[in-house]
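Top to bottom, those sequences are chains A and V.
No gaps in the numbering here: position 84 of the first sequence is 84 in our numbering, and each next residue is one more.
No gaps in the numbering here: position 51 of the second sequence is 666 in our numbering, and each next residue is one more.
Everything labelled a hint here was simulated from the structure, so no lab data went into it.
Each hint should be verified, as a subset may be incorrect.
[Stated by the list, open to error] Result set (DSSO-like, lysine-lysine): computed pairs, CA atoms no more than 27 Å apart in a straight line: (1) Lys179/A to Lys203/A; (2) Lys625/V to Lys77/A; (3) Lys586/A to Lys352/A; (4) Lys625/V to Lys352/A; (5) Lys193/A to Lys625/V; (6) Lys643/V to Lys203/A; (7) Lys440/A to Lys625/V; (8) Lys643/V to Lys179/A.
What follows is the residue order along each chain.
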Amino acid sequence: MSRKRTAALVGNPNSGKSALFNALTGARQKIANYPGVTVERKAGRLTLPSGEPVELIDLPGSYSFDAASPDEEVTRKVVHGEFEGEPLPEVIVLVLDAANLEQHLVFAQEVLELGRPTVVALNMVDLAERDGLTLDPAALSEALGVPVVPTVAVRRKGLADLSAAIAEAESHADEEAHKRWHLTLPERRLSAKHIARAAILSKSTRHTIENGIDRVLLNPWIGPVILFGLLFVIFQAVFAWATPFADALEAGVGAISGLVTDTLPPGFARDFLTEGVLAGVGSVVVFLPQIVILFFFILVMEASGYMARAAFLMDRLMAGVGLSGKSFIPLLSSFACAIPGIMATRSIPDPKDRLTTILIAPMMTCSARLPVYAVIIAAVIPQTSVGPGIGLQGLVLFALYIAGILGAMVVALVLRKTVTSGAASGFIMEMPRYQLPRIKDLAIGLWQRAWVFLRRAGTIIFTVTIVLWLMLSFPKAQEGESQMDASVAGRIADGLHPVLEPIGFNREMSLALVPAMAAREVAVSALATTYAVDAKDEDLAASGVTDKIAALWSLPTALAFLAWFVFAPQCISTIAVARRETNGWKWPAFMIGYLFALAYVFAGLTFWIATALGL
Amino acid sequence: MTLDGFEHEKAARIVAVDWAALAEDEGKRLKALGVDEGAEIAVIHRGIFGARDPLAIRIGRMTIALRRSHALAIEVEPA
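Excised from the complex, chain V in its bound form (with noise of 0.2 Å):
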């Protein structure tokens, strides 16, 4: 199942990254900031007005922000 579709504040581990789907640099930056196979993610806030874009997980201690289509290129299984 992908980033997208999880389950609200529910812990996450990815699985899998597929990381031609995502631009060089994006793939880096997310790499940079721990995004990546292994590590634990939460969903943790949705975008405005019901839209689903863009996403915030938390990773760590850490709040990232993301597009809807980078987290369906991240693969997950509830951790």
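Bound conformation, chain A alone (with noise of 0.2 Å):
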């Protein structure tokens, strides 16, 4: 027998369907895309009581099979055996939330119509009981004709009898499907009402614990108030707890280059080394620390139910620039990285909505832009406090994202009224029910999420510094010639500084934004790149990149770059998301058009404001 065994997990958005998906298959999962939609595709390795291993792919939540979403039409597609290069599923795992069974079974039905082998997994039903509902398992079995099994993912409760009901269903999965009788909306909804009704024990009146949080959370006046309170400890938290990890790095990296020094004869190897990959790479993996902090607080927002009522709370503004609360999560995580803020969009269902969305998200200022801001910003402003608990330099940050969100404001509105007008969009979404996150659950997204930040630096930054490296020292200086002057990047950088000169530019400075079109991030080892191999004396190539821009920038110099890399669209892999997303060239030409003479100019202003002032 060597056919490949899958079994799918089905569900309503929200029944803890991915909880459960990785408390089943632990952190070996597989992260894909489905081929020629959008939409990602999630497998992980299942074992069987009998020791054997099933495929279990973790389909996107629906409501229904008259898909509204693509999400949607990928999940009808597969369990109906439809979608090509995906086979049939052999057994169903339909997921119901416990506490909400009454609306999660009418899209069971619909399910249970198939006639495929189908167990139902009762998902989270300690929260059911915190909310004073008590459920019988084996009426619902009954009502439902398939095996139910309670579980509790977050405490990997049930999980073996489900399993096991899985290998059984499993066994049946070459008998003919018995297709149901097929019912009307109206008529599932009744029939999920009287199952509800007989599978219910006894149910407490008292409010559910989401009243109480959300009469807090979202009251109109303390939940907006507390929104921003958290978003500004966010931020506060991404400079200040990431420091020691940061400086461990650092210091690690530093061993790291002093040993190849001590231990190779000087020359093209030591160099290439020292100079071109660790400074490069090094550079860029010091923030590493700052980028799981970030992403930590977007999981836990995510996964405690807390990023919808952030979208409510946040509706009603972005419906001010013609946008919903809908765009309000995908730009959010655009703060970590516009490549999932951008795929994250795909959840908004107005497509006018969503190409606004994607197209201002590249200005939410993401965790590439953090190693550019950190260097100048520890370089050029001074470490002092403006407050209790406030530095300045914290809030030079929170001043770049403001600027940021302001900027894709304006932009969302300018682009409403001109390329994306269109009706007034919507804003319908289901909030979640509050769970405390599950570590592990966190564990595994900061793991996927840190890997493709290592996985850029280790293959893109690494290719993009080498090449730089390569360029900038070759062909070599002669007597009394500088390298930067002598070199082949030298010469590019003297063709783009005309036109940036004017917006306070200096050489390094284009010459680093050549490379940094890969990835922001590239701009800080480009630079340190740069010094390091231009580096007239000793002393000067020994100190890092912040003090060498400290001792050579001017202060309007320095806020110009800020304020450059606050638009500038210096991303291939944005460029390439957005032109996927879009199916096309000319939104992200659009994309990169805009976003370039947005930067131009506001680092022009920043410049003249700031040499105005006598900065």
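Two independent chains are provided; combine them into the complex using the hints.
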């Protein structure tokens, strides 16, 4: 028997499907895209009690087979066996939220009508108990005609029973499907009500915990204050908590660099490793702690259920610029990275809304800008305090975030009146119940994101750094000529420099912008490499890139560089993902054009105003 | 009376929905969430800083956010 055995998790959004998937498969997951559509395919390996493996697929959450989104379309096609290249799953694991039975049974009946071998996971029974519900799984099983296993994914309860039930259902996979009678939506809804009523043994009338929490968090006055306070804390934490880890990483890179210098004889190989590889990649990897901290907060907000509340609170403001609260989640994710942010716009049903969100997402300050901001801020902004717990450096960082947000809002408003004009968009979304995020789910999420960053550092950034180092190191300078002037890169920067000089950029900066087209953080490694190659005296060569910027850049120049990176679309991956999500080059080209124009204008304004003020 | 003008935290039954006033996808989405003729709902939260938009309603044990424009298309009576 060599056929590929598969089972698929199917259920409503917010049924705890992903937590169950994590619990069943562990950290070994394969995340890819379904061919031809921009929907994520998550697969993992489930080991049956017999020791045999089954591929478990986590299908996108759906409210019905009457698809209203590309995600739901994928789920419908896969369970109907109509998705090319995806085998019909042998077993369907139908995930129901125990505390939301009546609602989830509507879609459940649609799934059961298929007549495929099905096992029901009655998930989050603990939350149902918390809400005062006592359920009878046996009654539910009888009413649905399939096995029902109560589970608490986050506490690994019921997982063995569920695996056993999947194995049992799998042994009937070859039997012909017994399609059931097709019901209409009102009929399904009525029958869901009866089934739920029969399965609920008792229910207390006490208010759910959500009501109490939401009374505070969604309070029209306190709610937004809490949200903005939280966002401020996140950005301060990104800067403050990461420092010891970043210092340790930096010391580690320095130690390796020293070791290489001591071991290898002077020459090409040594320079290549220390000045090229270690100086370049090292200066980017140092920012891993900040990225992990930012993603940590975003993951906690998502897993706890607060993210949907934030969308609710933001909807009015977003409506003011022609968007909806649904755009808030992709935009907030874009603070970590525009790539998952742009991919998250798939949850926005209105196409004009979605396009506008994609176009403004790159203005959200992503983690790749942090290395640039952090280095420049540390170099030119004094480490003074402007109030209890508020440092000037953190405040400048906060101002840069705000500049990106305001820019995005203004652009959204303009776009919605011009290129993406259309009917006002709507906002309909389910607000999930509050949950304590589970450490393991957070760890898996953080690991996946840290890995993406490290892989980028190891591939794109590594390659670009080396190419740049070679371009900087050859041809070799003659006596009396600086290495930078003589090099290939220096010549390119010479061509670019006249364009950027009016906005205060020096030649090293113009040079750094070229490889930074690949990814913004490369600007830092490019500067580090440039200064390491071009250092005239040993002391300056030994000091970090921050010290060099502090010594060599004027304040207006440094501020102009910061303003440039608020807008400049310097990220090949973002452009590529925008192309994929908009199916063509038209919109990415538009995005690149307007963002570079904004970057130039605002860097210029910053430089001229700062110079006029005598900074 | 429409859902928009209905009293806070009071149980309401949907009498009629003006589907024509809603975009097709939004109608689909509301139906899938159970917002349809005969459903019992209650408005439990309103937008920030005194804006009455958006609204959060309770339906069954679920909380759903929607806009005033949707609430204006939903005709309700006290349940």
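Tested hints:
no.	hint	result
1	Lys179/A to Lys203/A	34 Å, violated
2	Lys625/V to Lys77/A	41 Å, violated
3	Lys586/A to Lys352/A	15 Å, holds
4	Lys625/V to Lys352/A	36 Å, violated
5	Lys193/A to Lys625/V	22 Å, holds
6	Lys643/V to Lys203/A	30 Å, violated
7	Lys440/A to Lys625/V	40 Å, violated
8	Lys643/V to Lys179/A	25 Å, holds
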